[in-house]
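Using the sequences provided together with the hints, build the complete structure.
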Amino acid sequence: GAGVSQSPSNKVTEKGKDVELRCDPISGHTALYWYRQSLGQGLEFLIYFQGNSAPDKSGLPSDRFSAERTGGSVSTLTIQRTQQEDSAVYLCASSSQGIGSPLHFGNGTRLTVT
Amino acid sequence: GESVGLHLPTLSVQEGDNSIINCAYSNSASDYFIWYKQESGKGPQFIIDIRSNMDKRQGQRVTVLLNKTVKHLSLQIAATQPGDSAVYFCAENLKPGNTDKLIFGTGTRLQVFP
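Read top to bottom, the protein sequences are chains V and W. The first sequence begins at 1 in the working numbering and counts up by one. The second sequence begins at 1 in the working numbering and counts up by one.
Honestly, I wouldn't trust all of these hints.
Stated by the list, open to error - DSSO-like mimics (lysine-lysine), calculated; alpha carbons at most 30 angstroms apart, straight line:
(1) W:Lys-42 / V:Lys-11
(2) W:Lys-101 / V:Lys-11
(3) W:Lys-101 / W:Lys-71
(4) V:Lys-15 / V:Lys-57
(5) W:Lys-42 / V:Lys-17
(6) V:Lys-57 / W:Lys-71
(7) W:Lys-42 / V:Lys-15
(8) V:Lys-57 / W:Lys-56
Since the hints were derived computationally from the structure, they do not count as laboratory data.
In structure tokens:
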């Protein structure tokens, strides 16, 4: 079946520009996560959505980062006024019921800020 | 702060041998742990999970061992194959029963040589 889909797969942007990254979770999955992975590093938690509950935004590194999840499905991660240190792979994952069920990851969006 | 770490950043094994990847976690209250495999250019792929009420769980060619006394997690891969070459991450649920937030370690690279 269809897995988690992320778009674009690659994004190159100039410093100071805004970018939007999209995530289509697995159909029926109520939990959605965004992580960031810098080159050769582990995964850094950014934000978590579960059903209609308020999202856990505790991992967002600054107020330039925001995310929405519309209709309990598609999610968009927005980075405003991008900086070079924002360059990383942004990974989205979904799960059927949050903890207790494994996360299924997309292949990520590789963001390069020049 | 709380963290998940790995003892060996790189592990080289001969094809056919067994591999053991280790992980130390610091939050004694964590109640759910997952191992992921990540190949180059792809998102992490779920391998196996274990709850804190268990100390061992087996899958196909893989076994996860949990030692809560010393807060240690290991992944054993039997008869390692070239296709097992990847980076392996362990992850823990930092806030069990409350916030569904998985915290990932920095990863161990497994290299399989003929």
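To see whether the hints hold, each was checked on the structure:
no. : hint                 : in the structure
1   : W:Lys-42 / V:Lys-11  : holds, 16 angstroms
2   : W:Lys-101 / V:Lys-11 : holds, 27 angstroms
3   : W:Lys-101 / W:Lys-71 : holds, 18 angstroms
4   : V:Lys-15 / V:Lys-57  : holds, 24 angstroms
5   : W:Lys-42 / V:Lys-17  : holds, 26 angstroms
6   : V:Lys-57 / W:Lys-71  : holds, 28 angstroms
7   : W:Lys-42 / V:Lys-15  : holds, 26 angstroms
8   : V:Lys-57 / W:Lys-56  : violated, 33 angstroms
Comparing the model with each numbered hint stated earlier shows that hint 8 is the single one that does not hold.
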